[in-house]
Every structure is written in C-alpha cells, then in structure tokens.
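Going letter by letter, the sequence shown gives residues 1 to 260 in the numbering used here.
There's no promise every hint is true.
Dumping the calculated SDA-like pairs for lysine to any residue here, alpha-carbon to alpha-carbon at most 25 angstroms [as the list claims (entries may be wrong)]:
| # | residue 1 | residue 2 |
| --- | --- | --- |
| 1 | Lys127 | Leu139 |
| 2 | Lys127 | Phe69 |
| 3 | Lys228 | Arg112 |
| 4 | Lys228 | Asn243 |
| 5 | Lys214 | His122 |
| 6 | Lys127 | Arg42 |
| 7 | Lys18 | Gln245 |
| 8 | Lys214 | Glu148 |
| 9 | Lys214 | Thr140 |
| 10 | Lys18 | Gln233 |
| 11 | Lys127 | Ala216 |
| 12 | Lys127 | Gly41 |
| 13 | Lys127 | Asp149 |
| 14 | Lys228 | Leu211 |
| 15 | Lys18 | Asn236 |
| 16 | Lys228 | Leu152 |
| 17 | Lys74 | Arg253 |
Now the in silico label distances, taken between C-beta atoms and shown as ranges [claimed, not checked]:
| # | residue 1 | residue 2 | range |
| --- | --- | --- | --- |
| 18 | Asp114 | Gly23 | 20 to 28 angstroms |
| 19 | Pro218 | Phe259 | 43 to 51 angstroms |
| 20 | Glu25 | Gln250 | 17 to 25 angstroms |
| 21 | Gly44 | His176 | 21 to 29 angstroms |
| 22 | Asp154 | Asp225 | 26 to 34 angstroms |
| 23 | Ser79 | Val124 | 26 to 34 angstroms |
| 24 | Glu223 | Gly88 | 43 to 51 angstroms |
It should be emphasised that the hints constitute simulated quantities derived from the structure, not laboratory data.
Don't be surprised by glycine CBs; every beta carbon is placed ideally from N, CA and C.
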Amino acid sequence: MNLDPIPADRLTFRLPPKFDDVGQERRHRQERLVAALRLFGRFGFEEGVAGHITARDPEHPDHFWVNPFGMSFKHIRVSDLILVNHEGQVVHGRYHVNQAAFAIHSMVHQARPDAVAAAHSHSVYGKALSSLGAPLEPLTQDACAFYEDHGLFDDYTGVVLDTEEGRRIAQALGSHKAVILRNHGLLTVGDSVDAAAWWFITMERSCQAQLLAKAAGPTVSIEHDQAKLTHGQIGNDLVGWINFQPLYDQIVRSDTDLFD
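Build the full structure now, drawing on both the sequences and the hints.
So this is what it looks like as structure tokens:
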C-alpha cells in the first residue's frame, strides 16, 4: 500500500454547482426544495398544514416554487410543487397555495433579492423560544452562526394572511439570515435552498440547546469577540450549503420517489 500523501487537488470536495441552462437550474432548485421538505417532515417540523419552504424561480425571479397547501412534507415530490406569482396566483401546478406562505414569503423575497430560498415552520423548540420574546444567545458553537445575524419580530397579530404583516416580518429580518417570530416560530433565508434549510435545522437545534441549558441552571455565554470570530467561520451561506449535503444524500437514498 502506497502511503504517500495524496495531493489536495485530487481529493473530492463538493461545491455549489453553476448553471448555464435555466431549465437545469430550475430542476436543481426543485429537487433541493423537495429534499428539504422531506427532511423537515423527518425531523418533525410539521404542524398540520403550517410550514413552507420557497425557492425563487431562476428565470422569473418574482415567482417562487413552494409546497402545496395541505400536503404532508413527508409525501411531497417534484411533480407536486406549485409556482406562485407576485400576486399569489398559482401559475404552474394543480394545488392551492397556503395564503400565509404567500403573505410572508412574497414580502421576504421582494425585500431580499439575494435570498433564493426561505424556510418557515412551526417547529417545537423554535416555537418555545419565540414565546420568550428573546434572541438566540451564543451559548454553543453552532448558535454562533446566528450571532448578531438574526432579528426578532416582536409582535403577534394572529395568522399571517396580509402582505403588510409579511412586509413587517421582512423588515425585522433585515439583512440577517434568520428572524424569530414572537409566539410563532422561526424563519430563515439563504442564497440556496440548501443554505436556507440548513439554517432552519441548526437554528431549531440551537433553540433546543438554549432551552435545555437554561432549564438546567445558569449558563455561560461565548464572549463577544469569540462569538464574532466563530460567526465568521461558520455563518456564511457556503458553509450552510456544505452542511446540508450529508442530509441531502440521506434523504435521496432513503426516499426514492422524491423526484417523480
């Protein structure tokens, strides 16, 4: 056996793909979207008909692909996705759109042209932390991805069915990757479906860690300088994309009907 070091340029390391064909890019986003939705279902992020992930269409950036209203995350396939225009009308697909999904996501996508995708669901620990009306603290390395990089929508006025409410949520999000919606849950964005989904997954787990730690006793936060440093190391969308890849591989292997 040859034990000479293998040159780094001969080792495999995945990076986000680039596309010359808009059709191929659309299909890629659709496949990542249904994979993310299936993962949300696997992780128990469903709450009845609540929850949605959107992906901006690469050819028509004022339109977005989204999961149909009333369909389980665990069952969604590419052929089930619907395309919604800037007025909330379905222009492709055979199902209705969740009006809350349109009210929130349309305003987020409008305010953040850099956001290819946005994710929101009523996950247990996100809901629990949101009821405190407080931000996520830098208690763990993973939580530092959100250090000074998430907003708080410090209001609650019922189910979001009005785009004006969605606009206020987008303002609370600002330039950040996430926002905590008080008494509601979490919302994350990214420059890819992969990143937006990963930020939601890891933010939910960070909420869980914070709630468990504070229930156990006094906590020790990571100091500001170290939290900022760690954010710079793990808080960008490329790192989010990379972290999502093992989960994508798992769901594609286990759910063979994803891309029907």
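- prompt: What are the numbers of the hints the structure violates, in ascending order?
  reply: none
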